[in-house]
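Enquirer: In this text, residue positions in the sequence shown follow the working numbering: the first is 411, and each later residue adds one.
Everything labelled a hint here was simulated from the structure, so no lab data went into it. There could be a bad hint or two in this list.
Claimed, not checked - Simulated DEER-style distance windows between Cβ atoms:
| no. | residue 1 | residue 2 | range |
| --- | --- | --- | --- |
| 1 | GLU450 | GLY637 | 25 to 33 Å |
| 2 | ALA529 | PRO582 | 19 to 27 Å |
| 3 | ALA498 | SER608 | 25 to 33 Å |
Stated by the list, open to error - When the alpha-carbon atoms are kept at most 25 Å apart in a straight line, the in silico DMTMM-like pairs for lysine to aspartate or glutamate are as follows:
| no. | residue 1 | residue 2 |
| --- | --- | --- |
| 4 | LYS593 | ASP660 |
| 5 | LYS593 | GLU506 |
| 6 | LYS593 | GLU484 |
| 7 | LYS593 | ASP542 |
| 8 | LYS593 | GLU663 |
| 9 | LYS593 | GLU490 |
We put the CB at the ideal spot given by N, CA and C, even for glycine.
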Amino acid sequence: MNRELVAELGRRLWHAGEGATAADSAAVGSAVADQLDGLEMAYAVQSATHDLAIAAGERAIGYKVGLTAQPARETFGADEPAAGYLLASRLLEDGEPLATAGLFAPLAEVEVAFTLGEALPGPRVTARDVRDATAAVAPAFEIVDSRWRGGARTLPMLVADNTNAARAMVGPSVAPASVELSKIAATLTIGSRTVPGSAAAVMGDPAEAVAWLARHLLRGGGRLEAGDIVLSGTLCAPTAISAGDHLVADLGELGRIALDVN
411 MNRELVAELG
421 RRLWHAGEGA
431 TAADSAAVGS
441 AVADQLDGLE
451 MAYAVQSATH
461 DLAIAAGERA
471 IGYKVGLTAQ
481 PARETFGADE
491 PAAGYLLASR
501 LLEDGEPLAT
511 AGLFAPLAEV
521 EVAFTLGEAL
531 PGPRVTARDV
541 RDATAAVAPA
551 FEIVDSRWRG
561 GARTLPMLVA
571 DNTNAARAMV
581 GPSVAPASVE
591 LSKIAATLTI
601 GSRTVPGSAA
611 AVMGDPAEAV
621 AWLARHLLRG
631 GGRLEAGDIV
641 LSGTLCAPTA
651 ISAGDHLVAD
661 LGELGRIALD
671 VN
């Protein structure tokens with residue numbers, strides 16, 4: 411693997427997400443992505459962006475899981491989901507508006523957020539293990555956005571760009587035992603638009619997505635730790651948003667969460 415190229419791609423993707431605007435040429439030209447030679451290199455580029463974030467004073471607070479729906483995996487020719495990391499500075503407080511400045515073409519996703527109370531280190535983590543190790547679950551928004559000009563067109567492009575992680579908001583939490591996560595139905599409302607969704611679209615059960623993440627991280631020498639926040643995958647189709655929108659996600663017994671877009 412060309413380490414110099416990995417570092418350069420990581421630098422360009424990291425800086426593209428730092429204060430760029432949709433009209434700014436800071437978005438990374440997709441022609442550069444032709445140099446990505448597979449998923450191993452893509453995750454190495456993602457790791458390089460993570461290291462740049464930490465060096466800049468950022469703090470990692472957990473992970474996100476993408477491509478948890480079969481149609482999404484088919485779109486990218488993926489055999490399994492994809493993972494990314496979450497940064498504290500990109501997490502909005504509940505009720506804080508989302509600023510679109512610095513984003514290119516943001517999409518809203520409705521998710522179940524897990525906060526772990528225990529580490530998940532084993533190589534055969536199951537959804538039951540995830541539920542047992544989870545301290546709290548909550549409704550959440552993830553705002554996804556691609557730093558590639560025109561968006562990611564291949565799986566390595568998606569992964570290298572931190573699986574499109576951009577912003578997130580986690581709502582009020584509840585005890586995991588109080589909610590049958592796999593049976594949650596969701597509705598995303600944006601003005602007059604309504605987007606239905608279901609937790610069953612997230613690998614059949616959002617806890618399954620977190621279990622996959624635990625096993626995935628272990629393969630790379632990492633693990634899920636107590637205190638980590640995990641966004642487990644979208645229940646509703648990713649939906650374009652713009653300034654002036656008011657978003658409301660209703661996840662039934664898990665609760666509701668709202669977001670204003672500036």
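Enquirer: Look at each hint and say if it fits the structure.
Expert: Cross-check of the supplied hints:
| no. | hint | in the structure |
| --- | --- | --- |
| 1 | GLU450 <-> GLY637: 25 to 33 Å | holds (29 Å) |
| 2 | ALA529 <-> PRO582: 19 to 27 Å | holds (25 Å) |
| 3 | ALA498 <-> SER608: 25 to 33 Å | holds (30 Å) |
| 4 | LYS593 <-> ASP660 | holds (14 Å) |
| 5 | LYS593 <-> GLU506 | violated (29 Å) |
| 6 | LYS593 <-> GLU484 | holds (24 Å) |
| 7 | LYS593 <-> ASP542 | holds (18 Å) |
| 8 | LYS593 <-> GLU663 | holds (10 Å) |
| 9 | LYS593 <-> GLU490 | holds (22 Å) |
Of the numbered hints stated above, the single one contradicted by the structure is hint 5.
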